[in-house]
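> Protein chains in written order, with our numbering: chain A, 1 to 221; chain B, 1 to 270.
FYI, nobody ran anything at the bench for these hints, they're computed from the structure. Hints are not guaranteed to be accurate.
[What the hints assert, rightly or not] The calculated label-pair distances, taken between Cβ atoms and stated as ranges, are:
#1 Leu234(B) - Ser118(A): 46 to 54 angstroms
#2 Arg183(B) - Asp139(A): 50 to 58 angstroms
#3 Gly206(A) - Phe121(B): 48 to 56 angstroms
[As the list claims (entries may be wrong)] Computed footprint of chain A on chain B; a stretch qualifies when at least three of its residues, placed anywhere within it, have a C-beta under 8 angstroms from a C-beta of chain A:
#4 101–110
#5 200–210
Even glycine gets a Cβ: it sits at the ideal position worked out from N, Cα and C.
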Amino acid sequence: MSDKHAKHKSKYTADRMIPGAFEGETVTRRRFMTGTAHTAGGIAAAAFALPALGFALGPIFKKTPHTWQTVGPASSFSEDNYVPVVVTLTPGIGEAGTSTAYVRKFNPKIDTDPYDASTPYIAISSRCAHLGCPVRWVDAAERFICPCHGGVYDLLGKRVGGPPVRPLDRFYTRVEGESVQIGPRFSVNSELRRFSPRDPGEPLDGIGQYLYPSRPTERKL
Amino acid sequence: MPRLPKLPAPPLPAALQAPPPRPGEGNGKAGPLEQGKQAGITVVDWVDERTSLSGAGRWLLFRKVPKGTNWFYTLGSATMFAFLSQAVTGVFLAMYYRPDPAGGAYESIRHVTNEVFLGQFVRGMHKWGSSVMVILIFLHMGRTFFFGAYKYPRELNWVIGVVLLILTMVMSFTGYLLPFDQRAYWATIVGVNINGTGPLVGPYLSDFLRGGGEFGATTLSRFYAIHMLLIPGLLAALIGFHLYLVAKLGTTAPPWSKAKERPELLEAEV
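Between the sequences and the hints, there should be enough to build the whole structure, so can you do that?
Take a look at the structure:
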């Protein structure tokens with residue numbers, strides 16, 4: 001160390017003219033004590049704050065098991081009209097955990113989208129893609145209509161009017177023996193391309209799928 | 001039988017002797033009113049000697065206010081009164097409320113409204129009082145804005161006021177779900193989804209609010225905990241700081257009141 005540096009600042013407290021400094025001491029006892037107390041306080045606070053934070057944020061990262069629910073025999077669904085069925089999205093909380101899905105048989109004349117080719121049944125979620133109100137299928141108009149803010153969807157669930165930002169969500173379907181089963185939800189963009197489920201109000205066209213990332217636990221379908 | 005001479009009574013110990021009359025307090029024994037007053041003074045003195053709170057009380061309550069102070073200046077206190085009313089009625093409603101989404105929540109609210117003595121009244125105070133509080137906040141905010149009371153050195157108090165407004169809105173949002181009827185349920189669905197439309201953070205925010213991807217078993221108790229524990233604590237603490245700054249900085253004169261010209265401060269006319 002050159003003389004010039006030593007004159008400005010020495011690493012020894014004794015050289016810095018601090019009263020009560022010990023020989024060879026580089027950190028004063030006062031400074032050491034303050035640091036120790038702050039560290040101990042920080043550890044104590046983190047010990048309750050971090051678990052509490054994890055407790056509050058945990059459900060976001062909780063993986064929900066995919067279940068299949070039987071909604072009726074294959075004979076109860078037709079190719080050209082929807083049948084409402086009740087599906088349980090959250091078990092154990094009664095009516096608040098249920099939702100309505102509209103189910104019909106795959107119809108090669110209208111379901112021309114290539115993504116739908118492998119689906120035996122089309123199950124459309126009644127959750128409006130605007131803000132989540134329950135849409136209903138109006139037979140006479142052949143439209144899904146939302147009571148809250150006037151969203152209108154056609155037979156395929158594509159938006160034809162009102163504020164919704166994407167078509168209605170759908171559910172996976174399969175046939176087990178003689179009964180139709182409904183599986184997990186997925187979202188679609190205006191070309192009926194499939195995405196992992198998004199909340200209502202989140203567009204999926206263009207930049208939308210990046211602005212509204214899917215749940216960390218449901219990245220893949 | 002000869003009468004014995006009466007011996008003088010031994011002196012009473014000091015503790016049993018009647019206290020000497022206080023100077024200046026008339027003569028004779030103090031009446032019950034006087035005694036009660038003395039007891040009160042004694043208690044207050046005992047506390048004040050150990051806390052010096054009377055100085056803080058004088059500092060908070062006996063301030064100089066500017067000329068022209070009028071009824072508009074009471075809107076802040078009115079808002080605080082609305083908050084206190086919400087806090088008290090909320091505590092009593094919490095004695096009956098059950099945050100059970102499988103029907104218990106609705107049933108407990110129905111029980112309070114229809115069967116509990118004064119239940120409908122207390123619940124009504126809480127329900128309508130929430131609207132009163134929001135209205136009063138906006139009136140108070142408007143007074144502050146139009147009187148220019150947000151300017152230096154009171155900017156921080158304006159910022160705290162805005163945070164208080166947002167927290168009150170969170171209270172309204174979380175409280176709306178608790179009756180758990182159709183209106184509460186769908187309003188919450190829509191409200192959470194509006195939160196979700198915020199780009200990038202929106203989806204995570206709605207998952208945090210719901211406690212998962214769907215409206216679930218813990219959503220109601222989560223809203224209840226936020227509504228009655230988390231936000232009220234923050235509100236009370238921030239109202240305290242808001243009031244401290246009001247007392248520290250003083251209130252502003254209304255914009256139409258002009259300072260009186262003091263001749264000794266005027267520049268000499270040339």
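> Look at each hint and say if it fits the structure.
Structure-based check of each hint:
1. Leu234(B) - Ser118(A): 46 to 54 angstroms: holds, 52 angstroms
2. Arg183(B) - Asp139(A): 50 to 58 angstroms: violated, 27 angstroms
3. Gly206(A) - Phe121(B): 48 to 56 angstroms: holds, 54 angstroms
4. 101–110: holds (count 3)
5. 200–210: holds (count 8)
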